[in-house]
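Number of protein chains: 2
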Amino acid sequence: MANFQKGKVDIVAVAKAAKVSPSTVSRTFNHPDLVNPATRKKINKAVQRLGYIRNRAAQTMHGKRSGTIGLVVPTINHAIFSEVIQAFSDSIDQAGFSLLLASHGYDLDREYAMVRKFLEHRVDGVALVGLEHSDATNRLITQQKIPALAIWNFSEESPLPCVGADNHLAGRLAAEHLLELGHRDIGLIFPETQGNDRAQHRLSAVHEALGEQGVSVPDEHETQAPYSVSQAKQAALALLTTPKRPTALLCGNDVIAQGALFAAQKLGLSVPDDLSIIGIGDFKGSADVEPGLTTIRIPAENIGALAGEKFTDFITSDDPEHFSIRCDLECVARQTTRSLAT
Amino acid sequence: MANFQKGKVDIVAVAKAAKVSPSTVSRTFNHPDLVNPATRKKINKAVQRLGYIRNRAAQTMHGKRSGTIGLVVPTINHAIFSEVIQAFSDSIDQAGFSLLLASHGYDLDREYAMVRKFLEHRVDGVALVGLEHSDATNRLITQQKIPALAIWNFSEESPLPCVGADNHLAGRLAAEHLLELGHRDIGLIFPETQGNDRAQHRLSAVHEALGEQGVSVPDEHETQAPYSVSQAKQAALALLTTPKRPTALLCGNDVIAQGALFAAQKLGLSVPDDLSIIGIGDFKGSADVEPGLTTIRIPAENIGALAGEKFTDFITSDDPEHFSIRCDLECVARQTTRSLAT
DNA sequence: AATAGTATTGCAAATGTTTTCATAAATTTG
DNA sequence: CAAATTTATGAAAACATTTGCAATACTATT
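The listed protein sequences correspond, in order, to chains A and B. Position 89 of the first sequence, counting from 1, maps to 89 under full-length UniProt numbering, and the rest follow consecutively. Position 227 of the second sequence, counting from 1, maps to 227 under full-length UniProt numbering, and the rest follow consecutively.
Simulated from the structure, these hints should not be mistaken for lab results. From a predicted model like this one, the values you see are computed outputs, not experimental measurements. There's no promise every hint is true.
Each pair may be met inside one copy or between any two copies, as identical chains are not told apart.
When the alpha-carbon atoms are kept at most 25 Å apart in a straight line, the in silico DSS-like pairs for lysine-lysine are as follows [to be verified]:
#	residue 1	residue 2
1	LYS45	LYS145
2	LYS8	LYS64
3	LYS41	LYS19
4	LYS145	LYS16
5	LYS145	LYS310
6	LYS145	LYS8
7	LYS42	LYS8
8	LYS42	LYS19
9	LYS310	LYS8
10	LYS45	LYS310
11	LYS8	LYS45
12	LYS145	LYS244
Let the sequences and hints guide you as you build the complete structure.
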């Protein structure tokens, strides 16, 4: 009751209350098997009574893990990453870690700043989205020898352990789906690829796959839009009112595809009769729009959960080994695409 | 170069490299005005050369702030909160704080566990969504004297400082909008109100407003659905194929409203000619669906940004004063509602 | 040139834990 | 029953900082 008021409830206050030494209190938490059950009970009672809460900052100072993992994403806002964040968060929480989260708005310099900030907090590991990062970031990571993980993308050559999908393949799958359906006049709506290797890989793969079949995209049918339903809708509106409208739209991700769908509906076009639309991602909700969006499924939840699991394993393991996991992609044909063959 | 390898780059390594005492190095960071510019330069050079990164854990142990704020949300996944999280994150980042994020999946016991976890990390403050929390949580907060903030809801009587909107009013506005348009047969789709005071306040206000005009909702027109487009769509499908279909649907939030909209489209109903739909929230994307969703606008971004700003002020202030901010609601009439008058 | 003041710096204690080592008590073993 | 283990505890050093206090060097004042 004494120092109850003073707010100075630390391990020695508990020790005093339980009439043991601080060492014993500490041991009760960290190696309970080493302390007499009776003493343990006394201590736990004191802990309860005083409302003691362990101080991880002090633990961290001893080289113990801080119990935090930093995750830096481009944006929290959109459907795109919120699903991975949720899954990753849940997953590391299960392993007893807490999530430090930051976003950089597709600015790799800000990404660097965030990683640095996390390093000050002595995170036990830092997870980044994508494989492309500033030199400074890469240097920082290797120099500080901090466990790092690349989420979302997969590549054989990734220097960092990674858990994700092959975005190149995603682009190709989308293109091939449209080609198989007989489309030759294809419009493209992608975000700025600067600082966004996901979009970049997808787009180049699309061009490649299209090129293989001798299909090229005229300039006025290739347009840029950020990952925003509203702005994508505008861009699609413009593209669709172009003289010779394409028969299909291939969109950089599902957010853009939704924007395109709404644009088509606004113009009174019937999807998929007048226009086919395909997205990439299969975000929550993509299955439910009317008509259901055809898309390349990237298993965000899986990626997040798996990433969290593997990463915490990696961090807590004595001799961690490099890992890389490719998550499977799948073309989910719903109702926004149709065959041109009659 | 010596201990460059050993990874043991601490303040004394820097001090040694710069040929000064550790105190001076520390002062260079914390009270630069107290140290000679020339020495400062030497030290900064050493910091650069060794790649030193400050250790907040050690700082925290001295009663310095940890520089982290914990935010516990029901879910990260949905559009609902991702916008607030983003805004809050950006806002506290500006003030030099880092965000610890966790979700509880609408389980107040898990909320308690998350707050505790954050307390172990010695967060400088903890922000929660809504005003309803478990007794244990409330006790913990007052006992530990940790700055706490309620986000999203507003209420005069809130014991915690809060920044948010009046959900009671939101429900009322939605109901009144439909009443004004002449609707009397109104269907309701809301989530489980257990552990979700937002939904609870909205729903009770709706019944109240409807009751005032002598309108009551038959049981088969009031149904539950979680905040998921897909499940809401199912629920709406069921409700709309009921014998006597309502002329309007009032949905617990925009996610549900979108589900309802897609359900109507699937059934070939024209919105708003055959059916009016109103949501609550005005999430990103609600403006862009076709037809544009009529809804009660809750300024999520504003709330998040304001909350972050006020809270960091509160935390860093010497004599912090209790604050509560009510954010304005607005009925945004788009194209999913129409007047029944001919 | 002596005094008072100010600007810089270092020493050492303090912060809340964990852990190694030593010690004491209890238990097993021959 | 004595010797050898095992079990349970405490003392103290270590972790990476910050800061009050003291010491020194420098500048301004008379």
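Status of each hint after checking the structure:
{"no.": "1", "hint": "LYS45 x LYS145", "in the structure": "between (41 Å within a copy, 21 Å between copies)"}
{"no.": "2", "hint": "LYS8 x LYS64", "in the structure": "both (23 Å within a copy, 15 Å between copies)"}
{"no.": "3", "hint": "LYS41 x LYS19", "in the structure": "within (12 Å within a copy, 51 Å between copies)"}
{"no.": "4", "hint": "LYS145 x LYS16", "in the structure": "between (40 Å within a copy, 22 Å between copies)"}
{"no.": "5", "hint": "LYS145 x LYS310", "in the structure": "within (18 Å within a copy, 37 Å between copies)"}
{"no.": "6", "hint": "LYS145 x LYS8", "in the structure": "between (36 Å within a copy, 12 Å between copies)"}
{"no.": "7", "hint": "LYS42 x LYS8", "in the structure": "within (20 Å within a copy, 39 Å between copies)"}
{"no.": "8", "hint": "LYS42 x LYS19", "in the structure": "within (9 Å within a copy, 50 Å between copies)"}
{"no.": "9", "hint": "LYS310 x LYS8", "in the structure": "neither (38 Å within a copy, 27 Å between copies)"}
{"no.": "10", "hint": "LYS45 x LYS310", "in the structure": "neither (37 Å within a copy, 38 Å between copies)"}
{"no.": "11", "hint": "LYS8 x LYS45", "in the structure": "within (17 Å within a copy, 39 Å between copies)"}
{"no.": "12", "hint": "LYS145 x LYS244", "in the structure": "neither (55 Å within a copy, 66 Å between copies)"}
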